[in-house]
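Peer 1: Here is what each chain is made of, one letter per residue.
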Amino acid sequence: MTKWIEIGALNDIPVLGSRVVRTASGDIAVFRTSEDEVFALDDRCPHKGGPLSQGIVHNKRVTCPLHNFVIELRSGMAVAPDEGCTRAHPTKVENGMVWLSVQTAAVVPAE
Amino acid sequence: MLDKVNKPKLVVIGNGMAGIRTVELLLDRAPHLYDITVFGSEPYGNYNRILLSPVLAGEKTVNDIMLNTEQWYEDNGITLRKGEMIEMIDRRTCEVVTREGARVPYDRLLIATGSNPIMLPLPGKDLRGVIGFRDIQDVEHMVQASTSFKNAVVIGGGLLGLEAANGLMKRGMNVTVVHLLDTLMERQLDQVAGGLLRKSLEERGMVFKMPAQTEAILGEDRVTGVRFADGEEIPADLVVMAVGIRPNIELARKAGLYCERGIVVSDTMQTYDGRIYAVGECVQHRRQTYGLVAPLFDQAKVCANHLAMKGFATYDGSVVSTKLKVTGIDLFSAGDFAPGPDKEEIVMQDASRGVYKRIILRDKKIVGAVLYGDTIDGPWYFQHLRDGTDVSQMRERLVFGAANLGDGGHSGKNSVAAMSDDAEICGCNGVCKGTIVKAISEKKLFTIDDVRAHTKASSSCGSCTGLVEQVLAFTLGGDYSAAPKVKPMCACTDHSHDDARRVIVENGLKTIPDVMKFMDWKTPNGCHSCRPALNYYLLATWPGEYRDDQQSRYINERVHANIQKDGTYSVVPRMWGGVTTPDELRAIADVADKFKIPTVKVTGGQRIDLLGVKKEDLPAVWADLNNAGMVSGHAYAKGLRTVKTCVGSEWCRFGTQDSTGLGIKLEKFMWGSWTPAKVKLAVSGCPRNCAEATCKDVGVVCVDSGFEIHFAGAAGLHIKGTEFLAKAATEEETLEIIAALTQLYREQGWYLERMYKWCDRVGLDAIRKQVVDDVANRKALFSRFAHSQQFSQSDPWAARAQRGVDRNEFTPLAELELA
Ligand code: SRM
Ligand SMILES: Cc1cc2nc3c(=O)[nH]c(=O)nc-3n(C[C@H](O)[C@H](O)[C@H](O)COP(=O)(O)OP(=O)(O)OC[C@H]3O[C@@H](n4cnc5c(N)ncnc54)[C@H](O)[C@@H]3O)c2cc1C
Ligand code: SF4
Ligand code: FES
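First to last, the protein sequences are chains A and S.
Numbering of the first sequence is given in the UniProt record's numbering, commencing with residue 1 and proceeding in unit increments.
Numbering of the second sequence is given in the UniProt record's numbering, commencing with residue 1 and proceeding in unit increments.
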């Protein structure tokens with residue numbers, strides 16, 4: 001069952017930018033593309049844990065600020081030839097508000 | 001209109017290296033634009049022709065050299081008709097006709113038929129056992145012959161002939177090379193290098209007959225011998241003709257397309273019939289034909305671009321370099337080395353090491369190079385040749401190569417061939433030679449960019465680029481320095497940094513999307529590499545007018561602090577000229593306590609770094625520092641960083657001028673300016689130079705009579721002493737010259753190009769002329785710098801700490817309590 005949480009207004013996220021949502025199990029980076037799509041990923045680069053929220057957003061991708069891994073916003077997959085994946089969380093935008101459904105145990109085993 | 005059936009039809013004649021490279025690039029640019037059919041007269045998929053030599057020598061197999069499998073054609077919806085020869089092009093009906101008579105219509109046609117080996121019209125040339133060296137079939141023929149026969153004669157002492165001879169020798173045959181002239185590879189080598197080459201091949205057992213003219217090939221059914229003009233006859237069971245190639249233009253000529261030596265094409269690779277393109281060895285462009293892959297790949301790029309209907313790229317010729325693929329022989333040649341009255345040469349010969357180098361200069365630039373025995377610097381010379389670098393400043397040391405110009409020891413003192421697989425090539429990313437070699441062969445990489453993408457080698461600081469290029473050349477066996485003459489900014493565009501700068505000015509473009517639209521960017525909003533560059537170009541071009549795009553800034557410049565490995569930040573306040581006060585130190589100590597900042601460190605730039613600050617604390621940290629009168633030190637900026645000073649005449653018994661005071665004046669005048677890459681200054685009070693001014697972007701050394709201004713130094717990835725720019729009598733004049741210099745750099749530098757690289761590229765004399773000699777121009781540059789400073793000298797920390805700029809950046813969007 002998907003549990004949606006309202007996290008803020010679309011306009012609070014810069015176009016081609018990102019904001020962070022704090023959660024007890026770590027930060028989630030919420031991105032906005034030039035077409036006003038919103039995507040959410042764990043704020044940890046699969047390479048060495050760099051904060052993806054601090055990267056440059058282009059097309060539907062973000063470049064990690066530490067060593068330039070490029071990550072697909074939709075899937076969290078690193079763009080080839082880099083390898084790795086970070087967890088993606090479903091989002092939706094309704095009436096200018098952004099909703100997030102935080103995925104927990106699905107990808108990473110619970111502690 | 002673009003559904004499967006109605007797609008325009010692209011027919012490609014020639015399944016070789018240039019044709020398929022074009023198709024690959026086209027698919028990359030416009031994947032679904034055409035319905036593509038490829039005709040290839042050879043019965044295989046696409047293979048790497050260059051590597052036929054190692055196959056012949058038994059170092060590789062035919063399987064190793066396949067580039068695209070049949071599956072690849074299928075996956076990309078391409079109809080491959082291998083083993084089918086096109087006999088005619090019917091331009092009236094727009095159809096090609098196969099030898100069997102099948103007709104296939106086209107909307108666009110690409111001719112990439114390569115060339116044919118020249119077969120000398122000698123008596124006996126049609127005997128069995130007389131062949132050229134061009135395709136897999138020829139190699140199979142030679143391998144076969146080597147198992148049942150003993151004697152081979154290769155006619156032609158050029159690149160191809162020697163590679164054939166070497167291969168046959170490796171297969172156990174007695175090989176005689178017959179050459180018309182007295183120098184081997186005379187198109188690539190001068191006499192000395194040719195002589196050295198001959199000597200080392202002779203030591204391996206190759207026999208030469210040269211200068212010699214072949215008169216007849218003897219035999220009844222199969223070849224038995226060769227007779228020369230001087231009457232001598234030698235036995236031969238196999239004759240390989242490698243005297244040259246002739247562009248394969250029959251088909252085009254018959255179709256009435258204008259041909260000279262090759263099919264004549266325009267800068268967009270179109271023949272006289274605009275629907276018909278041609279690329280590769282069959283082409284003649286601006287009077288030139290080419291026989292090496294690097295230029296053909298340049299052509300393929302332009303052609304693909306045009307076919308993809310992004311018709312702005314043009315081909316304007318290539319310079320080529322050559323390496324002989326005979327294992328154990330190091331030979332490199334590039335450019336034009338025929339002697340001439342306007343040329344100078346630098347020659348070095350070390351007979352005992354068997355090393356010979358000849359560098360040919362014209363007008364302060366390298367125009368040709370011949371290296372024998374030690375070719376480690378080949379790519380380095382070639383880079384300067386292609387870039388047209390002004391090398392007058394390094395002239396004396398040029399012949400000793402990059403390693404002797406202070407490369408911080410990275411540029412490869414060891415031959416890569418001799419390196420073990422676990423030798424580290426890229427120090428930044430810890431990539432070893434073996435990893436690179438593996439990626440190149442398994443993933444079929446061709447260019448340095450491919451290697452960067454797949455291995456990360458050379459993708460960071462770039463100081464190992466030369467080494468990686470060598471690994472590439474050595475692994476592929478051929479010369480793949482396919483780096484185009486003009487480097488595109490990144491994969492998002494085919495345009496260079498210069499193009500972008502020019503277009504912005506000429507067309508008054510004022511936003512990143514406008515530039516991208518105007519220049520036909522291939523991606524919707526660029527990438528982390530081109531967007532910051534364009535943002536800088538716009539900012540530098542339209543001061544006060546352009547609105548800085550925060551989302552096109554690297555994180556450090558966006559949040560005015562340096563990101564650290566754990567996601568925290570470092571904070572470096574300015575300490576003007578390296579001078580501080582007890583109050584400032586107290587404020588720094590208080591901030592460190594209050595925000596529990598784990599590390600306080602003195603930087604290499606004469607100031608203090610607070611490391612490990614949490615992002616959300618940044619505005620409050622800045623507010624406290626602001627209150628004590630401190631502002632951002634821009635330790636993160638492509639802009640003015642530090643001005644290091646020494647104590648100077650105020651204190652030092654040797655000081656000749658107030659170096660500290662001048663440093664502070666410079667820093668106060670120049671801080672906040674954005675530049676292509678970081679700019680570091682230093683002022684020393686006397687020639688003892690305690691502020692290390694002569695390894696900075698700009699350095700001043702005070703002397704009794706005034707101020708010596710130096711520039712274009714560096715001490716990071718590269719260690720490079722500065723160049724002398726000018727002597728100034730007063731502080732005012734010093735400031736004016738330095739600001740004018742910086743402004744010229746701001747207007748011409750490519751993004752991330754340090755001042756010393758810019759200077760290498762545009763030339764010391766050109767800079768001196770504009771900044772020192774032409775006083776009116778200097779004043780104009782100075783006032784443009786001063787104008788732009790009006791808009792950049794407001795403390796970014798104060799803006800964020802006190803005026804709430806970018807508040808969103810420092811606070812989370814939401815905090816969730818999750819189970
Ligand atoms: C803090 C400091 C080291 C220290 O603890 O002393 C430092 C730290 C970094 N340097 Fe440096 N450099 C520091 C002085 C230097 C110096 C010495 C100097 O300025 O006198 C050099 C050699 C001089 C020169 O620049 O030619 C230096 C040559 C580099 C280079 C090589 C630049 C080049 O083009 O060769 C880089 C890499 C780059 O910029 O791409 C670099 C990059 C970096 C970066 C920004 C790496 C990065 O991208 O994260 C480091 C940021 C750490 C941080 O968050 O603060 N740092 N760096 C020094 C800050 C000086 C300051 O007060 O602003
Ligand atoms: C042994 C050898 C070593 C070499 N070493 C190097 C090197 O070290 N470095 C380097 O840069 N270059 C080297 N070259 C040159 C390089 O291989 C060529 O420049 C390159 O392959 C030319 O590409 P192309 O597409 O123009 O022609 P090709 O690769 O020859 O492709 C042309 C194709 O068109 C087909 N074709 C021709 N006519 C028709 C027709 N009517 N119908 C259908 N198909 C047709 C041919 O069968 C052929 O497959 C070497 C070449 C050889 C032979
Ligand atoms: S501070 Fe400079 S030298 Fe030290 S690790 Fe970072 S980049 Fe390398
Ligand atoms: S941590 Fe993201 S690229 Fe290294």
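In case anyone wonders, no lab produced these hints; they're calculated from the structure.
Some hints could be false.
Unchecked claim - Chain A residues, not near chain S, derived (Cβ > 10 Å throughout):
#, residue
1, T2
2, R22
3, A24
4, P46
5, K48
6, H58
7, R74
8, C85
9, P90
What the hints assert, rightly or not - Covered stretches of chain A (in silico footprint by chain S; criterion: 3 or more residues with CB under 8 Å from a CB of chain S, positions within the stretch not fixed):
#, segment
10, 6 to 19
11, 50 to 57
12, 63 to 69
Here a beta-carbon is modelled for each residue, glycine too, at the ideal position from N, C-alpha and C.
Peer 1: Does each hint fit the structure? Answer for all of them.
Peer 2: A quick look at each hint next to the structure:
no., hint, in the structure
1, T2, "14 Å, holds"
2, R22, "4 Å, violated"
3, A24, "5 Å, violated"
4, P46, "14 Å, holds"
5, K48, "7 Å, violated"
6, H58, "5 Å, violated"
7, R74, "15 Å, holds"
8, C85, "18 Å, holds"
9, P90, "15 Å, holds"
10, 6 to 19, "holds (count 9)"
11, 50 to 57, "holds (count 6)"
12, 63 to 69, "holds (count 5)"
Hint compliance for this structure: hints 2, 3, 5 and 6 are broken, all remaining hints hold.
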